[in-house]
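Novice: Input sequences plus hints: build the corresponding full structure.
Spelled out from the first residue to the last, the chains are:
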Amino acid sequence: MSCQDEGTGCVPRRKFVSLAAAAAAGWVLTGCGPRRLVEIPRERRRELLEACERTYRQAYAADVTVADTPAIPGVTFAYALDLSRCVGCRRCVYACVDENNPSRDPQVQWIRVLQMEKDKGVDFAHADPYYQPDVVPQEGHFYVPVACQQCENPPCVKTCPTGATWKESDGIVVIDYDWCIGCRCCMAACPYGARRFNWATPSIPSDQLNTKMHYLGNRPRPKGVVEKCTFCIQRVREGRYPACVEVCPAGARKFGNLLDPESEIRYILENKRVLILKEELNTRPKFFYFYGM
Amino acid sequence: MILRVGALLVASAAVAATVLAAEERLEVPPPPFSDGIFPCSGCHADLEVNRTRRELTGMHDDIVLRHDEQHRWCLDCHDATDRDVLHLASGERISFDQSYLLCGQCHGEKLRDWRAGVHGRRTGNWNGHKTYLLCAHCHNPHQPRFKPIEPKPAPLRPTHPAAVEETRK
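As you go down the protein sequences, you meet chains A and B in turn. Everything in the first sequence is counted per my numbering, starting at 1 for the first residue and increasing by one. Everything in the second sequence is counted per my numbering, starting at 1001 for the first residue and increasing by one.
Hints were generated in silico from the structure; no laboratory data involved.
Mimicking EDC-like on lysine to aspartate or glutamate, the simulated pairs with C-alpha atoms at most 16 Å apart in a straight line are: (1) B:Lys1130 x A:Glu238; (2) A:Lys272 x B:Glu1109; (3) B:Lys1152 x A:Asp128; (4) A:Lys212 x A:Glu53; (5) B:Lys1147 x A:Glu139; (6) A:Lys118 x A:Glu139; (7) B:Lys1152 x A:Asp134; (8) A:Lys158 x A:Glu168; (9) B:Lys1130 x B:Glu1027; (10) A:Lys167 x A:Glu39; (11) A:Lys212 x A:Glu238; (12) B:Lys1130 x A:Glu246; (13) B:Lys1147 x A:Asp134; (14) B:Lys1152 x A:Asp98; (15) B:Lys1130 x A:Glu262.
Cβ pair distances, simulated, as ranges: (16) B:Ala1116 x A:Val38: 30 to 38 Å; (17) A:Ala22 x B:Thr1159: 50 to 58 Å; (18) B:Asp1097 x A:Lys158: 48 to 56 Å.
Some but not every residue of chain B turned toward chain A, in silico, with C-beta under 8 Å: (19) Trp1126; (20) Asn1127; (21) Glu1150; (22) Pro1151; (23) Ala1154; (24) Pro1155.
Since the structure is predicted, the reported quantities are computational estimates derived from the model, not experimental observations. Every residue gets a Cβ at the ideal spot worked out from N, C-alpha and C, and that includes glycine.
Specialist: What follows is the structure in structure tokens.
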């Protein structure tokens, strides 16, 4: 009974057992099993990226580089799209395909351009993504391109059971394709229909592959995982504009740092009429729509 | 007296602002001239200046002005005595790569948005060097309204994966 004596320095059995259980649980949770990219030490990441590069070089016979460029401190990315200028030509859709290595067959596209009627306003129930007239814009219609809204409060991240999708410090919601189990809970949770699922093995012709890749962005995906717009993470973290911004013939797409008071985005937020989609859901998108004129 | 001095100050400030605007040089790609048309003085140096407003025949008859054509014609923007430059309403001459100053005389709010990077297309770096385009790179100055364009193909309608596999066989 001497162990119950505070003065002896002995640990009581009950306390010992609970401490040991906590330590074991801690070891199991942190010490073993595969880890997400965010948790892997820097020096081991290089090995992981090189393994990826080897795989893709073999599969596509191309000089592939896979980067893991981290977020730039003091930067939160935001996007703005001018609804008064978009003509619905879908140049952005195909620039995105060229940049981000989605499957060509079956077809996967991250941007969906919705044709809406001016009489009805922004009305998803009557929107048509399959419009194909000879020329656009069509009289009495306007166009709303929709991709991932990069929510500040993303429902997809909340619902993911494996932690395969998360929000980076620069605000980009990313997916680790090696951790995605393809349950598609995130697709059900996304109110914007922005996530795409690889129902079959993606196919990309070797000559159409963008060899400049980011681990959390445009590296080729396996079958059975979810993917979506990443603001062209492989470009924007190196200071470049996303591919869709540069291709838009109407100059309707704007991109920049939300935290920089001199940025184009801040000018728009301060001087233009701005709206976000489904504001009532409190997802707080960082993708803004505005009227430039 | 104080009022007069005030008016003078305002006037001189306005002049200074105009001069500053004209001196400002933004990095833009070369203006989109038709092939072989510039310098205009190549032909015009030897021609007599005819300031009479008229329908052009012979040369430049391909240009159809659809840009406030009731009120304007060639020499409202092109300089009569030096054809290689444009001129502002004030008479001040500007080069073709500063044509945004000319456009901005009427479309002031567009010029303001363009300077801020909100009107028009930018390429390059969001946090560094950007390439601007002149108004005339996207808008034909003689017919500035955008023409309708052909859209890229619509997305395919969703199909059952088994059907997709079937088509691949």
